[in-house]
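Join the two chains, each given in its own frame, into one complex according to the hints.
Residue strings, one per chain:
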Amino acid sequence: DAGVTQSPTHLIKTRGQQVTLRCSPKSGHDTVSWYQQALGQGPQFIFQYYEEEERQRGNFPDRFSGHQFPNYSSELNVNALLLGDSALYLCASSTGDNGGYNEQFFGPGTRLTVL
Amino acid sequence: AQSVTQLDSQVPVFEEAPVELRCNYSSSVSVYLFWYVQYPNQGLQLLLKYLSGSTLVKGINGFEAEFNKSQTSFHLRKPSVHISDTAEYFCAVSPRSNDYKLSFGAGTTVTVRA
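Each protein sequence line maps, in turn, to chains A and B. Residues in the first sequence are numbered from -15 upward in steps of one, following the numbering used here. Residues in the second sequence are numbered from 415 upward in steps of one, following the numbering used here.
Chain B on its own, in the form it takes in the complex (with noise of 0.2 Å):
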């Protein structure tokens, strides 16, 4: 079985600050990894996954994420935040196997400011 968890359940952070976002896993097996957001009222748009090869993944709007297998963290940063970036953002994780379902954590909610 795979569990996530996510160490922030807030953070706000003023409009090009940078922010971090701290994902730590546990599985018995190898898994790919995920960061999802989700924007009021809306479904989960992938922002970037980790599947092999270089741990430092770049995904969409500026985002990237660092994996560590030594840690088991996969945490996601970006340099510099928009309004826009105000949204709840989910780790996953599924096993790298004939085991489809996305394990998610409880989520990060960020609020940008001016």
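Next comes chain A alone, as it looks inside the complex (with noise of 0.2 Å):
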């Protein structure tokens, strides 16, 4: 069973370019959430996809924007790049809501780099 995997591994943009990043959900997961992890911290939470639609944001600016496919994988879409948007992009799936405690599941992460 494969886990959450994660496309491409390593990009390189220049400022005000525009990138699609892709992840995949474990097998038997319907939902998807995007994690943005800068060198030295810890993951901030950029959205939650649910059923296609977005069902929670973080503080991230409409600049970060997202997609869910009926197969349940997902984009994030980032545009008009900043040198501030370098960071390791960690996508997480998760079973839908139960009503209780649905663990999260991580892919090994997207580390994009803006010159």
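If you're looking for bench data, these hints aren't it; they were derived computationally from the structure. Among the hints, a few may not be true.
[What the hints assert, rightly or not] Only part of the chain B face toward chain A is listed, based on derived beta-carbon distances under 7 Å: (1) Gly457; (2) Phe504; (3) Tyr514; (4) Lys515; (5) Phe518; (6) Ala520.
[Stated by the list, open to error] From the structure, some residues in chain B lie toward chain A, with a derived Cβ separation under 8 Å: (7) Tyr446; (8) Ala501; (9) Leu516; (10) Gly519.
Just so it is clear, CB atoms sit at the ideal spot from N, CA and C, and this is done for glycine as well.
Right, dumping it as structure tokens:
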């Protein structure tokens, strides 16, 4: 059983460009969350997708947007890249809302460098 | 809103010695509590979690943590570390409600030396 997969593993962009990161959830999971981990910091919640809708959003500007597809995979898009967007982007998947705790399983991340 | 403070940014420790990583949290609602480990160039792996019940929680790789509600703490311990325990450790919380995000601390780097 494949776990959470992310692509690409590394990416280099220049300021002002746009980037798309991809995530495939663990088998049986229907919920995808995205986190940004800057160097030397803990992950920060960007947003979560469930049933192809953004269910919750953290304190990130509108330059950060996402999408979830019918097969539950997800994309994170970042427009007008800034140097400060350089980070490890982590995707986590979980099962849907059953009223209790749903463990989030993390992928290996995509390392984005903005020059 | 929730916040997590990891009191030690770096913890050097000798092999086979005990280690304790300290975590305090702040929240206006009840929370679930977690410890994650991150090895170099990898994602996060769940070490252990506190959902309810006994305040002493045992996890993988010989780690355990104790939830102290009055002190709002969730410290992680291991009685004897190995070289392979060298990694970054993150404490995290999430609300016991329809709020699905994990809030993480800044992390503690554990370096185990022979």
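Evaluation of the provided hints:
1. Gly457: OK, holds: B/Gly457 within 7 Å of chain A, min 4 Å.
2. Phe504: Holds, about 5 Å.
3. Tyr514: Since chain A brings a Cβ to about 5 Å from B/Tyr514, closer than 7 Å, the hint holds.
4. Lys515: holds (4 Å)
5. Phe518: This hint holds: B/Phe518 lies near chain A, its Cβ roughly 3 Å from the closest one there, short of 7 Å.
6. Ala520: holds (5 Å)
7. Tyr446: holds (6 Å)
8. Ala501: violated (14 Å)
9. Leu516: At 6 Å from the nearest chain A Cβ, B/Leu516 passes the 8 Å test, so the hint holds.
10. Gly519: holds (5 Å)
In the structure shown, a violation is registered for the earlier hint numbered 8 alone.
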